[in-house]
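Just so you know, the sequences run in chain order A and B. In this text, residue positions in the first sequence follow the working numbering: the first is 1, and each later residue adds one. In this text, residue positions in the second sequence follow the working numbering: the first is 1, and each later residue adds one.
Rather than coming from a laboratory, the hints here were simulated on the basis of the structure. Accuracy of the hints is not assured; some may be wrong.
[Said to hold, decoys possible] Taking lysine-lysine pairs in the DSS-like style, the calculated list, with each CA pair at most 27 Å apart, reads: (1) 360/A x 189/B; (2) 70/A x 190/A; (3) 189/B x 267/A; (4) 474/A x 181/A; (5) 124/B x 375/A; (6) 387/A x 340/A; (7) 360/A x 215/B; (8) 267/A x 214/B; (9) 214/B x 340/A; (10) 340/A x 215/B; (11) 387/A x 375/A; (12) 340/A x 124/B; (13) 189/B x 340/A; (14) 375/A x 417/A; (15) 360/A x 387/A; (16) 372/A x 189/B; (17) 360/A x 303/B; (18) 372/A x 215/B.
[What the hints assert, rightly or not] Footprint (simulated), chain B over chain A, 3 or more residues, beta carbon under 8 Å: (19) 192-203; (20) 317-327.
Every value quoted in this text rests on a predicted model; they were computed, and no experiment measured them. Cβ atoms here follow ideal geometry from the backbone N, Cα and C, with glycine treated the same way.
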Amino acid sequence: MGARVLEMRGIRKSFGGTQALTGIDFDLEAGEVHALLGENGAGKSTLIKVLGGIYQPDDGLMRVCGGPAKRIGSVQEAQRLGIGIIHQEIVLVPHLSVAENIFLGREILDRFGFKDDGLMRSRAQEMVEGLGLDLDALAEVGSLSLAQQQMVEIVKAISFNARILVMDEPTSSLSNDEVAKLFDIIRRLKADGVGIIYISHRMEELFAIADRVTVIRDGAYIGTRSIPETSPEDLIGMMVGRSLKSYYSRTYCPRDEVMLSVEHLTKAGVFEDICFQVRAGEVLGFAGLVGAGRSEIMAAIFGSEPYDSGTIRLGGREATFRNPAQAMARGVALVPEDRKRQGLVLCNSVGFNLTLASLKRAMGGLFLSARKKRKLVDSYVDDLRIKTPSSEASVGSLSGGNQQKVVIGKWLASGPKLLILDEPTRGIDVGAKQEIYAIINRLAKEGMAVILVSSELPEVINMCDAVCVVRAGKIEKRLERGELSQETIMRYATGSV
Amino acid sequence: MKTDRTIKDNFLVAMVRGNAGIIVVLLLIGALLSALSPVFLTADNLISVLRQISNNMDLALGMTLVMILGGIDLSVGSIVAMCGTLTVGFIVTNGLPIWLSIALGLGAGTLCGFMNGFVVSRFKVPAFIVTLSMMNIAKGVAYVYSGGRSTRIMDEGFTAIGQGYLGFVPLPVVYMIALIAAFIVLLNKTRFGTYIYAIGGNRESARLSGVPIKKVELVVFTVTGLLAAFAGLVLCSRMFSGQPSVGQGYELDAIAACVLGGVSMAGGVGSIGGTVFGVMVIGVISNGLNLMNVSSYWQLIAKGIIILVAVLIDTQKGRGGMLKLARAAKKR
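Using the sequences and the accompanying hints, generate a full structural model.
Okay, here's the thing in structure tokens:
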């Protein structure tokens with residue numbers, strides 16, 4: 001461990017009447033990965049924004065690299081002090097090259113005042129290679145994979161001579177391979193003496209990469225632990241303020257008749273010869289690496305994307321859907337993986353979103369009935385325990401977990417017999433995850449057939465009756481409950497059997 | 001029964017609260033004008049304001065749907081001209097019966113809207129481009145058919161459409177009020193209205209929720225075409241003539257009214273109530289400038305500046321600017 005690069009003391013911040021941060025202490029040493037852990041809404045992002053000069057704290061001071069204790073007044077000041085922040089959403093300009101993105105806003109000029117493209121390119125290339133990355137500085141950012149774009153973000157942050165690097169959920173859209181690559185880069189940065197603040201919900205990642213972890217809850221500092229001296233249960237307990245005894249809840253029931261049967265489903269270049277069955281009361285998991293074709297298979301079943309050949313049967317009857325409306329009419333629902341882009345109309349209300357897939361139920365004759373709609377909305381808000389100020393509140397203002405519950409509620413309202421959940425717990429906090437597991441369990445008990453597509457292995461292992469492991473567009477193996485383990489699934493997912 | 005009542009009350013409250021900014025702007029302009037001109041607050045003048053805004057209102061109602069959907073319709077001004085020219089021409093030049101001429105005129109405008117919707121929804125061409133083309137086509141049809149000349153019509157059976165009264169209320173105002181009511185119901189009380197918001201708010205999410213996107217787009221553009229044609233019919237009847245040169249810039253007035261009323265250029269957000277107030281602001285400004293004998297050339301400049309300032313004020317309301325203004329107004 002090196003010298004202390006950051007010291008935050010007693011940081012307070014309130015918005016209107018709400019205390020977002022109530023005196024947070026945090027420090028970071030050179031060459032250290034210090035994880036910041038807390039449920040959504042605990043105040044992690046607020047703290048990071050204070051550090052990045054985006055918010056001004058009401059109280060508290062920061063000392064960067066042994067400099068004077070002060071507040072950071074602007075984003076520019078933060079950059080000058082060597083603080084680089086990689087936000088969860090990628091903020092690059094897709095039509096510009098890697099080099100142009102890295103130098104955006106501080107282009108290198110030649111003596112005539114024109115952009116010196118050659119110099120910027122070679123500098124960018126140096127930086128990219130310095131991190132051991134295989135990227136062309138001239139490549140258009142939009143043509144890169146999500147993981148590669150994230151690497152560009154890291155290079156860009158480092159190019160400000162960052163001594164402190166904040167990574168906010170850097171792995172949320174990366175495959176396991178890509179995560180490994182990211183960890184290589186993080187280790188390299190550590191060796192260079194960069195201090196890294198790492199925010200993630202994925203416990204196993206923290207134990208793989210972090211040195212220390214600080215937990216905050218409801219805007220308050222809870223404690224700091226050294227990673228070798230703590231355990232996931234300990235940390236979860238600190239996060240939620242109680243120990244989560246039964247994190248996963250699942251009562252396995254005798255399975256019923258076959259609800260969905262898929263035979264030889266094929267779409268050239270995407271997936272091939274997909275065969276499986278799901279029974280009523282069963283939760284069937286789909287595991288695999290990102291890009292293996294799981295979401296595409298589900299989209300084909302739901303009719304939102306076409307496929308080339310194969311047969312889909314629902315309750316014994318042939319079911320070829322040309323659009324989602326037809327699938328919905330037969331009792332199929334799909335909770336898509338990207339709730340902001342595919343699941344919700346963010347600018348609209350909770351009630352609007354909850355009823356969008358089931359407006360028929362809110363009709364009173366020719367017109368929408370406000371009373372029926374409200375009843376419908378209230379029942380799902382209660383049932384799923386959606387925390388919202390009112391059904392008229394904008395859905396974009398809710399926490400990720402509650403947004404996800406709105407998407408699930410929207411599909412439950414459509415009265416499905418087969419519910420497909422694509423990454424239903426991505427980017428949401430442990431408390432909300434636990435509630436969603438309980439919902440899945442209840443639906444299966446009530447006889448719904450559920451397909452759970454997930455990249456979180458503990459989740460599929462603990463929630464599913466069986467798991468199909470997909471690799472490169474094919475079902476590599478169907479594993480029954482007794483055969484499930486992280487190692488087995490990963491072996492099939494990576495093809496190293 | 002109690003619940004019904006609260007819902008209705010809430011609707012009114014929500015409408016006022018949602019449009020507080022523009023209502024303040026409207027009141028301020030009204031106060032200013034009544035101070036500057038003794039004529040402004042007379043019943044005659046106010047009724048004439050209503051008649052003047054009715055044309056823009058018809059267009060802006062359709063534009064509101066299109067813009068909430070995330071599109072735009074630049075062709076409505078030309079459709080106004082085309083429908084008026086064709087309808088009057090059919091009656092006067094071709095000697096067709098009035099009802100048939102009207103049906104053909106409205107049909108032509110509806111067809112333009114349908115074509116807009118068809119190309120936008122089927123081939124995914126941006127609405128801006130499609131309706132820009134239609135703007136030229138419809139204008140061209142009006143000029144080709146009329147040879148560029150305007151045609152007078154004195155048939156009272158026809159001119160009554162735009163000149164008549166119901167009691168003391170001019171018929172165009174009656175149509176306007178009926179249309180506003182119909183559109184409020186359409187947007188708030190039907191599945192179709194909900195679908196418009198959903199598509200404009202998040203197209204992908206709407207698609208995955210089983211919303212028939214193409215159908216909704218097709219219908220919205222078609223309805224907007226029909227409305228424009230109707231506005232053209234009323235206008236030519238009121239002016240006793242079909243003129244191929246009318247309608248220039250009408251689409252921009254309609255867009256300005258929508259934006260003033262809080263309709264988002266990006267789609268997904270907006271309301272009929274907001275648009276109604278937006279149209280009123282623009283109408284009151286024009287009326288005021290007329291009352292003060294400002295030349296029409298200067299009026300253009302003044303109108304442009306006032307619209308810009310009004311929108312600026314409105315966009316500041318999130319940052320407290322508008323609230324301060326509203327509070328200041330309340331104190332007075």
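Quick rundown of the hints versus the structure:
1. 360/A x 189/B: 12 Å, holds
2. 70/A x 190/A: Measuring from Cα to Cα gives roughly 26 Å; hence the hint holds.
3. 189/B x 267/A: 41 Å, violated
4. 474/A x 181/A: Distance ~25 Å between residue 474/A and residue 181/A Cα, so the pair holds.
5. 124/B x 375/A: 38 Å, violated
6. 387/A x 340/A: Roughly 18 Å between the alpha carbons, so the hint for residue 387/A and residue 340/A holds.
7. 360/A x 215/B: 17 Å, holds
8. 267/A x 214/B: 25 Å, holds
9. 214/B x 340/A: Holds. Residue 214/B to residue 340/A sits at ~22 Å (cutoff 27 Å).
10. 340/A x 215/B: The hint holds at about 24 Å.
11. 387/A x 375/A: Roughly 17 Å between the alpha carbons, so the hint for residue 387/A and residue 375/A holds.
12. 340/A x 124/B: 23 Å, holds
13. 189/B x 340/A: Holds, because 26 Å separates the two Cα atoms, which is no more than 27 Å.
14. 375/A x 417/A: 22 Å, holds
15. 360/A x 387/A: Between residue 360/A and residue 387/A the Cα gap is close to 25 Å, so the pair holds against 27 Å.
16. 372/A x 189/B: At roughly 12 Å apart (the allowed maximum being 27 Å), residue 189/B and residue 372/A satisfy the hint.
17. 360/A x 303/B: The hint is violated at about 45 Å.
18. 372/A x 215/B: 26 Å, holds
19. 192-203: Coverage by chain B is violated for the stretch 192-203 of chain A (0 residues, Cβ < 8 Å).
20. 317-327: holds (count 4)
Violated hints for the displayed structure, listed by number in ascending order: 3, 5, 17, 19.
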